[in-house]
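Go ahead and model the full structure; you've got the sequences and the hints to work with.
Chains as they are written, first to last, in the working numbering: chain A, 89 to 394; chain B, 12 to 319.
Treat each hint with caution, since some may be false.
Unchecked claim - Here are the simulated distance ranges between beta carbons: (1) L278(A) to A264(B): 37 to 43 Å; (2) A68(B) to C183(A): 43 to 49 Å; (3) Q121(A) to R144(B): 19 to 25 Å; (4) A293(B) to N367(A): 24 to 30 Å; (5) E194(B) to R263(A): 52 to 58 Å; (6) N175(A) to H89(B): 50 to 56 Å; (7) L211(A) to P230(B): 45 to 51 Å; (8) L30(B) to H195(A): 51 to 57 Å.
To be verified - Covered by chain B, according to a simulated footprint, are these stretches of chain A (three or more residues, beta-carbon under 8 Å): (9) 119–131; (10) 374–384.
What the hints assert, rightly or not - Which chain A residues face chain B? A few, computed with CB under 10 Å, are given here: (11) T152; (12) E155; (13) V197; (14) S362; (15) Q365; (16) R371.
FYI, nobody ran anything at the bench for these hints, they're computed from the structure.
Positions of the beta carbon are idealized from the N, C-alpha and C atoms, including for glycine.
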Amino acid sequence: MPGEVLKTAVLEINEKEEGQDPVYLKIRDLVYQTCGIYHSEEKLYLLVAACKRRMADSGGRANTGREYMELLANTTRREVEIRALLNEITIGETCLFRSQAQLNALHNVILPELAAERSKIGLKKLKIWSAGCSTGEEPYTLAMFLMEEKEKLLKDWAFEIQATDLNDRSVETARAGIYGDYALRNTPELYKRKYFTPDEGGKLKVRDELKSHILFTRLNLNDDSRMVFMKGMDLIFCCNVLIYFDMTSKRRVVQHFYANLLPNGCFFLGQAESLFQVNDQFRLVHLPGTTVYRKPGAETGKVGKL
Amino acid sequence: MTIGLRDGLKKRVERLRSLPSSPAVLQPLLDLLRSPSDQIDLKKVVQLVSYDKSIAAQCLRIANSPLYGRARETESIHAAVLSLGIQRVEDILLTCCLHKFSSGAKWATDSGAFWRHSLGCAVVCRELAERIRYPDPDKAYLAGLLHDLGILVNSLAYPEEYGKVLAVATEKGIPLAEQEMHELGFTHCESGSILGNMWQLPRAVNEVIAHHHDVSKAPGDNPLVALVHVGDMLCRLRGLGYGYEEWRGVDLAADPAWGDLSKLCPQLSKMDMARFTMDLDAFVPRVQALVEAVFAPNLKHGEVEQHH
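See below:
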């Protein structure tokens, strides 16, 4: 509806202006300190919008940015409120093909290098873990991406994706693999035709052939006894999940990821997250438009060529 | 580089000096850049900026960009110098002079990409300098602005060959310097430092021009070389590169430049680089918009410009 569009546009402008309010910079820093998700200046309006939605829902506890900051910082409700805010921040974030920069980096830099290295030892298999896969958008994206790679660079290679989430219902939805327009907004037509079949209500369903590459299971990242069995990974994706963890458990979980990666394996976070002060064994590698954390190679203790 | 090659290059750079578009204020400005900053007369700077109308207008537009930290809109050069400081205005003036200097000539490359990279690198170097408490952020800006002077030289002095260099580098997604070495036998570091010497740029800046791709050859007492090396790398990986995507991964912490810089600026090792890169992404559209707004009438994508 045009009226709606206009309203959204106006709201966005207002939020961009209110982003100038220094209290939102404080909220930004608080969010970054507690969960490691960072809103650069150009993304600040998204945070402002999320705060606004929370304020509207706060039952009058907070009506201004300042009051909301109080609610987040100094009340007994603070932990509940931060979690609710994080939910607002990450809402609508999930869709297939969310981060093209990550896929480009994989295609152009990481996979060619990894493929060359693994074939040296005669291992033509890739193991990938989508940790915190939510309703399956990420693992299906990776599966489609790798199917395409199999036609060129990864000919005769096998790949296996482990997709885990804490939430039973998410895992069920992920297994079903049925998506609507919104989740598919970034998915190229070619991929829709190749990897999906039409389903009820105009939705699309992932083909079984694609599903066969993915193993969906429920897993609690805090469950040490299960974490130690996720060994031998080439790539681990954990996007916008660690933001819900406190520093201590974040460090422990990331340590597991580190241990489960093969040498020169790569760890991917969400675009706004960093491992600063969480882990200093990973090496931060800069790639066009994105960054990735890499486990150093076995012999040299140094990062592979890349 | 062989002696023959160097002589040939020198001759071509000599010819560049006499470009008809070379602005009259360039030489006095370069002289000014060499004098100690506490001896610079405010009046003189205002005079220089105001000398050339088109340059003055561009300077004001740049000075009013949020990237340059203006507190409020300035309408006069005098106010700009007062609010931004002499050194920053000198830098802005130099940007505009360089632009004018090169705008009358044929460009082998996309001149817009060059300006976005140069201005972007300047801004990023200044920001990085501030965060790691390098004592002279404006100097870092100047060094970032001029570090790729040699691309301008190569583009103007070797238009044909350089077009090829850029095309191949773009296709392969490799660093420009690599292909320059392959095709020309020298890189923009060498050609840039020849022009830098002729212009008698400050020593520290000239060292940056000459060594920003190979920090190991730089004298150890100049942190600017490593600083610009890092800033340049970040720009090239975050959408402010040479106008094409370089397909590679860079582990900055394993780079010798990083070690050099951390020794000279210990603050660097405490820096949250992931977060810095995210902040950097916010610069990109601004730098693009600024270059578009200031230089747009003279910029065309990959096309040869002509107005004599």
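Next on the checklist: Given a hint of 52 to 58 Å, does the C-beta separation of E194(B) and R263(A) actually sit inside it?
Outcome noted: With Cβ atoms ~54 Å apart, the hint holds.
Next on the checklist: Taking 43 to 49 Å as the stated bounds, is the beta-carbon spacing between A68(B) and C183(A) within them?
Outcome noted: The hint (43 to 49 Å, Cβ to Cβ) holds, given that A68(B) and C183(A) are roughly 45 Å apart.
Item to check | Assessment of proposed distance window 24 to 30 Å (beta carbons of A293(B), N367(A)) | outcome: holds, 26 Å
Checklist entry - Going by Cβ atoms only, is E155(A) closer than 10 Å to chain B? => result violated, 27 Å
Next on the checklist: A closest beta-carbon separation below 10 Å is what the hint needs, so does V197(A) meet it against chain B?
Outcome noted: holds, 5 Å
Next on the checklist: If you count the residues of the stretch 119–131 of chain A with a beta-carbon closer than 8 Å to a beta-carbon of chain B, do you get 3 or more?
Outcome noted: holds (count 6)
Next on the checklist: Hint validation: T152(A) versus chain B, beta carbon distance must be below 10 Å. Holds or violated?
Outcome noted: violated, 25 Å
Checklist entry - Can the hint on S362(A) be confirmed by a CB-to-CB distance to chain B that is less than 10 Å? => result holds, 3 Å
Next on the checklist: Assuming the hint says 45 to 51 Å, is it satisfied by the Cβ distance from L211(A) to P230(B) or not?
Outcome noted: About 47 Å separates the Cβ atoms of L211(A) and P230(B), which means 45 to 51 Å holds.
Checklist entry - Could one say that the CB atoms of N175(A) and H89(B) fall in the range 50 to 56 Å? => result holds, 53 Å
Checklist entry - Does the interface hint hold: is R371(A) within less than 10 Å of chain B, judged Cβ to Cβ? => result holds, 5 Å
Checklist entry - CB of L30(B) to CB of H195(A), is that within 51 to 57 Å? => result violated, 43 Å
Consistency with the previously given hints fails for numbers 8, 11 and 12, ordered from lowest to highest.
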